[in-house]
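Line by line, the protein sequences give chains V and F.
When we follow full-length UniProt numbering, the leftmost residue of the first sequence carries the number 1, and every step to the right adds one.
When we follow full-length UniProt numbering, the leftmost residue of the second sequence carries the number 1, and every step to the right adds one.
Wrong hints could be hidden among the right ones.
What the hints assert, rightly or not - Pairs of lysine to aspartate or glutamate, EDC-like flavour, derived with a Cα cap of 20 Å:
#1 K200(V) / E210(F)
#2 K180(V) / E238(F)
#3 K263(F) / D183(V)
#4 K113(V) / D184(F)
#5 K113(V) / D362(F)
#6 K200(V) / E288(F)
#7 K113(V) / E183(F)
#8 K263(F) / D181(V)
#9 K500(F) / E521(F)
#10 K200(V) / E238(F)
#11 K113(V) / D155(F)
#12 K180(V) / E288(F)
#13 K134(V) / E210(F)
#14 K321(F) / D181(V)
Claimed, not checked - Ranges of calculated distance between the beta carbons of each label pair, as one might list FRET restraints:
#15 C156(V) / N171(F): 55 to 61 Å
#16 T148(V) / T251(F): 47 to 53 Å
#17 D562(F) / Q145(V): 36 to 42 Å
#18 H38(F) / K123(V): 49 to 55 Å
#19 E183(F) / C156(V): 33 to 39 Å
Claimed, not checked - Footprint (simulated), chain F over chain V, 3 or more residues, beta carbon under 8 Å:
#20 102-113
#21 180-187
If you are wondering where the hints come from, they were derived from the structure by calculation, not from laboratory data.
Being a predicted model, the structure only gives us computed values, none of them experimental.
We treat Cβ as the ideally placed atom computed from N, Cα and C, and that holds for glycine.
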Amino acid sequence: MGRGPAERQGDRVEMSTTLEKERSLTELEADYEETALTLGLPGGSRAGGWDQQERKRGFSETVHLSDGSSGIEPRGGGDLGDESPDCAASGAGGPRASKARVVGWPPVRSYRKNALRGCTYVKVAVDGAPYLRKVDLEIYSGYHQLLTALQEMFSCFTIRDRRLVDPVKGTDYIPTYEDKDGDWMLVGDVPWKMFVASCKRLRLMNIAPRAPR
Amino acid sequence: MAIKKQKELDIEEKSPENRILSFPDEVLERVLVFVKTHKDRSAVSLVCRDWYNAERWSRTHVFIGNCYSVSPEMVARRFPNIRSVTLKGKPRFSDFNLVPPNWGSDIHPWLVVFASAYPFLEELRLKRMTVTDESLDFLARSFPEFKALSLVSCDGFSTDGLASITTYCRNLTELDIQESGIEDLGGSWLNFPESFTSLEALNFANLHSEVNFDALERLVARCKSLKVLKVNKHVMLEQLRRLLVRAPQLTELGTGPFSQDHKLRSHIDLESAFSNCKNLNTLSGLWEVSSMYLPALFPACTNLTFLNLSYTALQSAELAKLLQKCPLLRRLWVLDTVEDKGLEAVASSCHLLQELRVFPADPFEQEVIMEGGGNGVTESGFVAVSEGCPNLHYVLYFCHQMTNAAVATVVRNCPNFTHFRLCIMDMRRPDYLTNEPMDEAFGAVVKTCSKLRRLAVSGLLTDRAFEYIGTYAKNLETLSVAFAGSSDRGMQCVLEGCPKLRKLEIRDCPFGNAALLSGLERYESMRSLWMSACNLTMNGCQLLARKMPRLNVEVIKEDESDDMHAEKVYVYRSVAGPRRDAPPFVLTL
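Using the sequences plus the hints, can you model the full thing?
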């Protein structure tokens, strides 16, 4: 993509979900090892995948502006070419670095705010389990919290390598989700907020580790 | 005919001044039936005593813009034959959480009076009122002819209250609970009996809970006069398709989510259902639109005049495709996910456009949730629309950046604005290119748009902006101001210069007692004044209250810390005297 991992960090990545979408579940099952779930940004450094995913952009990385000024700080030495609409866009976007929230500003009515957030309760199905659960994605701030909650909910799991593992049965579960276009995706491939906005239901897919059956 | 001639003779014999007085009441009342708007009726009632009486006997609809400006008993005394009531309660800034809960505007005392004065009441339209389940139950049982209930931005009730309405109102034609805060107690409230067929309008779009779909489907099937149907997010595409098949006569439709539904066999079925709806002029809902299903809508778009996409995170390309199918569009509401490119599509497709509202998809968060950036809209989208849509007269525009030059261009292209509401979401942001205040932008608006009735300003503004408003905005009725102005002079200019001002709402501005008191003469000709987080003190408000006894001067005191400061002040004219139901945190001075 022409941009190194350094530029990617903290960026709002144009979701390269196009690439990820091509991967079907059968491919997953076939190439289990190669598609070991990590939660780093696609193509970027995978070290400390969880943290990268959820880390809020620090001051130095955001467009740093106080009210009233229109200075723009380019980021990461970058490439503000047409490939990075988000970079250019945030540059031109104006002072949106962390601001204190003021009551009732901007003047958007609360039913409208709630309407957009949508119904973030999703059903969670676990392969092999007879019951479904529901989780409200809104209440979690990242993938780690979600997995932790799932672990607590289905109490037989432990989190290992960002998969859910049932140590008793010796099976691994990969969290997958159905998005609003009806495609099944791996949990963790897109930024958290985008995931919340597009996830319709979760399925913990049973992948037995490669052991003789 | 003989009688008529007699009366004509009588009239001719009398002197000119007496001709009006001898006009028979019955005739006058018959004529007045055709005078409908409350402004015209007010004018009629002021001509002379006979006309006042004829008017009050013949009035069937009363509009009360501020529920505390008059008491229900006074209304009942003056107007004996009311069938329809419109009431508005809380100040508008309560929509943005600036008014504490339990502030008031309870409908119940009104219902009690109406139950005895207007037992044949048919319509009740409420905005920003508190309505409890007990009140809804009382309403349903007290008015056997009741037909239309509209609750916009109301709160205090639950689905139980709705159940009372659907169970007992045998003649209901309209039930509209949009944008209200409804407590969801589950259960089934859609309890219309199977014999009930009179429904013409049903809007429960903002209800959080699921409705019994079978009951809804049967209801829609048997109500052949149903014209307006706006469902909520729980009605999926296959269910929507079934409803449309039963109600092809709909003129206004609000869908549920427009995304993947396993139960929908094919989108061709859906498209076919839409193509049967030849009378649709209004379309809304469309949560979570999936581009796969959007084309199913196209056959129904030919006659659309109002398209509300303000819940739909649409991209510019999808919007462009959709708009090409809507040649007759007059009103368009969108989210800023469509960006400037989307607005360019509006400009090229919607030449008849009169109203545009662009809402922020993500007003508080910094993060992008959609592909491709998500920067919202800018001044260039605004200019583009003005170039393509010369009939534009109503705009509500949320953005993060604007320039004086762009606004000047917009109003040059569209000089007929009656409603101009620009919200630069970053507080006190100047022209981002020149770094100057946005004074000249709003100066251009008021100088060019002589028909301007409603204005909302934003961005960095000095007193100069308000000087412009006071000098040029002679038809201005409503003004909203936030984080603007430099001194008392700003507010004074407006109060002195805008003769038609009725509603003034101000927050977080450096206007103090001098500004407040400069409007002494004005407030009785206005509906209300709201000032919060300004520089008002209790003394200043008390002085106003003393000098103007027919105004209610109310201070909302939420914390005990600063006794002298008047944090939130609400001033309004009233013939009912001070409120008798004020909660402890509302001090009437």
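Hint check results:
1. K200(V) / E210(F): Holds, at roughly 17 Å.
2. K180(V) / E238(F): Satisfied, since the Cα-Cα distance of roughly 16 Å is no more than 20 Å.
3. K263(F) / D183(V): holds (16 Å)
4. K113(V) / D184(F): holds (18 Å)
5. K113(V) / D362(F): holds (8 Å)
6. K200(V) / E288(F): The hint holds at about 11 Å.
7. K113(V) / E183(F): It holds: about 17 Å lies between the C-alpha atoms, which stays within 20 Å.
8. K263(F) / D181(V): Given that 20 Å is the threshold and the Cα spacing comes to 14 Å, the pair holds.
9. K500(F) / E521(F): holds (13 Å)
10. K200(V) / E238(F): holds (17 Å)
11. K113(V) / D155(F): holds (17 Å)
12. K180(V) / E288(F): Within the cut-off at roughly 8 Å; holds.
13. K134(V) / E210(F): holds (16 Å)
14. K321(F) / D181(V): holds (19 Å)
15. C156(V) / N171(F): 55 to 61 Å: This hint holds: roughly 58 Å between Cβ atoms.
16. T148(V) / T251(F): 47 to 53 Å: holds (50 Å)
17. D562(F) / Q145(V): 36 to 42 Å: holds (40 Å)
18. H38(F) / K123(V): 49 to 55 Å: Since the Cβ atoms of H38(F) and K123(V) sit about 51 Å apart, the hinted range of 49 to 55 Å holds.
19. E183(F) / C156(V): 33 to 39 Å: Between E183(F) and C156(V), where Cβ atoms are some 37 Å apart, the hint holds.
20. 102-113: Answer holds; 12 residues pass the 8 Å Cβ test.
21. 180-187: holds (count 3)
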